[in-house]
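Hey, can you work out the whole structure from these sequences and the hints?
These protein sequence lines are chains A and B, in that order. Under the numbering used here, the first residue of the first sequence is numbered 1, with each subsequent residue one higher. Under the numbering used here, the first residue of the second sequence is numbered 1, with each subsequent residue one higher.
No lab work stands behind these hints: they were computed from the structure. Every residue gets a Cβ at the ideal spot worked out from N, C-alpha and C, and that includes glycine. Possibly wrong hints are sitting among the right ones.
If the Cβ cut is set under 8 Å, some of the chain A residues that face chain B in the computed set are [as the list claims (entries may be wrong)]:
| id | residue |
| --- | --- |
| 1 | VAL42 |
| 2 | ALA45 |
| 3 | ILE63 |
| 4 | GLY109 |
| 5 | ALA112 |
| 6 | TYR114 |
| 7 | MET136 |
| 8 | ASN229 |
| 9 | ILE266 |
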Amino acid sequence: MAAATATRTAGRAASAQPRRRRRSAAPARVLLGWSAANLVIVGVALVPLLWLVSLSFKTPASITDGSFIPNEWTLENYRGIFRQSLFTRALLNSLGIALISTALAVALGSMAAYAIARLEFPGKRLLVGMALLIAMFPQISLISPLFNLWRILRIFDTWVGLIIPYLTFSLPLAIYTLSAFFREIPWDLEKAAQVDGATPAQAFLRVIAPLAAPGMVTTAILVFIFCWNDFLFAISLTSTERSRTVPAAIAFFTGASQFAQPIGSIAAAAVVITVPVLVFVLLFQRRIVAGLTSGAVKG
Amino acid sequence: MTTGRRAAPLSAPVRAQRRLAWALCAPAAVVILAVTAYPVAYAVYLSLQRYDLRFPNDSRFVGLANYTTVLTSPLWWEALAVTAVITVVSVAIELVVGLAVALVMHRAIVGRGLVRAVVLIPYGIVTVVAAFGWRYAWTPGTGYLSRLFGDATPLASQVWGIVVIISAEVWKTTPFMALLLLAGLALVPDELLRAAKVDGANAWQRLTRVTLPLMRPAILVALLFRTLDAFRIFDNIYVLTAGAYDTRSVSILGYDNLFTALNLGVGSSLSVLIFLVVALIAVIFVKGFGTAAPGGKTGR
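Rendered as structure tokens:
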């Protein structure tokens, strides 16, 4: 019904041209409306972040004043967390684990995505379907078995113990995003390389890989954010500073005394692990939007 | 994508191509299977055992006893109900708000880049960090929101606790929804909307009769993604209420069972049940609503 209307109206689209000028009849009001909507969105997105920034600059005395803007400013919260190995070690763990997982996911994902986007082989549908299944898998279902397995394999509370599940859960994301990007590559170049005597593997490494770099960067950012964000695996499969990542460590922060709430420290730590990622996200915003939507819409 | 090459016996290049394809996919497939299929099978095995981590030597096969324990426990049904409420309400709000945000981003003439940049902020924030922000905002004596509402303590009640949890979830994940819908919106041809306008359709009619029907596939995919994602909700609840005041989700229940009750047998049967519920939701979406599984058709 709707589709029928759509095709009927499509036929008249051409004749609509002369009347188009009417559209700008109330531009000021429309413009104002959209701008107001923009403003609301910007406000709602920013306020919770600004609140954490505000908390992180408050002094212990003023932290419970409930004011949105600090009345007394201090950097002590930031100095405090960088004095604690609980935080600095966690930061190192977070960075190391996320970077290694990202590198592995992009490497393995690129190989599989190349095959999916480019080659014909039996089992392709199965692989794509399996990746989809994993993307929606309830991670809590893995916590009990992995907790036990990792203790038996002695990789509980190690970097490897976190890298493995991160790799598994970021691979579907990597494969989807990368294969969507890979389909956009001008593959005639690959054929040309093969005509010139390159093997399929050489054609991949010498010709296609450089063209695929932007898609790989995008994928790397998405995967990194996924690993950086994880909390469930981080608290379940670690038990000490040795491999605890920042999100998990923050949950174990304590105040200066047992009775002091560690609000300032948590807020400062939150800002420290948020700001670099946000800068990155904003720098690469176009790519990230393309990456986030490519897998879902184009399939 | 299954064109050609069917009748003829496989030529050498085709075989070489297949070998290359399998070789390229093997590492990813092995990692995925090793960390999911095997542990799930192991979880099924564990769920049939009595396995208490405090008495590891006292483990033995108990059949479906763990499942009986879970399914007859009010805790499980309460957690399932809380999870269902959080999932349905937050995904519904996200769909409406996400669509509005997508429309603003799609139509905005000024500040389009700004909105897109700002919308990515909740996406880029670590969930736990955002949750702490919400928790302190609603902590009486500390938070601006609590002060704004006369020292309200919403995190100390089930209903308001869930409301705050949903708001935190919506804030964090609406951008993702909006971006998926924006991509769907881009597929609606402008001429159609213009033509509908010429035919006398008002803005609301154009949205409901032209835009939304054409966006149906994109909407269903976004809903499927977000529903299954919301069902796993853990981080927000852990930080906001830690499951107190009956605000446990099934994931929180599973976690508590393993690390507080130290019962691996019951914990594993919870894992299996959650997995089954998620599978059921996915089947309903794909079979019931005809959601095209992304990647289901790999051709363009």
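Outcome of the hint check:
no.	hint	in the structure
1	VAL42	5 Å, holds
2	ALA45	5 Å, holds
3	ILE63	7 Å, holds
4	GLY109	6 Å, holds
5	ALA112	4 Å, holds
6	TYR114	6 Å, holds
7	MET136	4 Å, holds
8	ASN229	5 Å, holds
9	ILE266	5 Å, holds
Taken one by one, the earlier hints all hold for this structure without exception.
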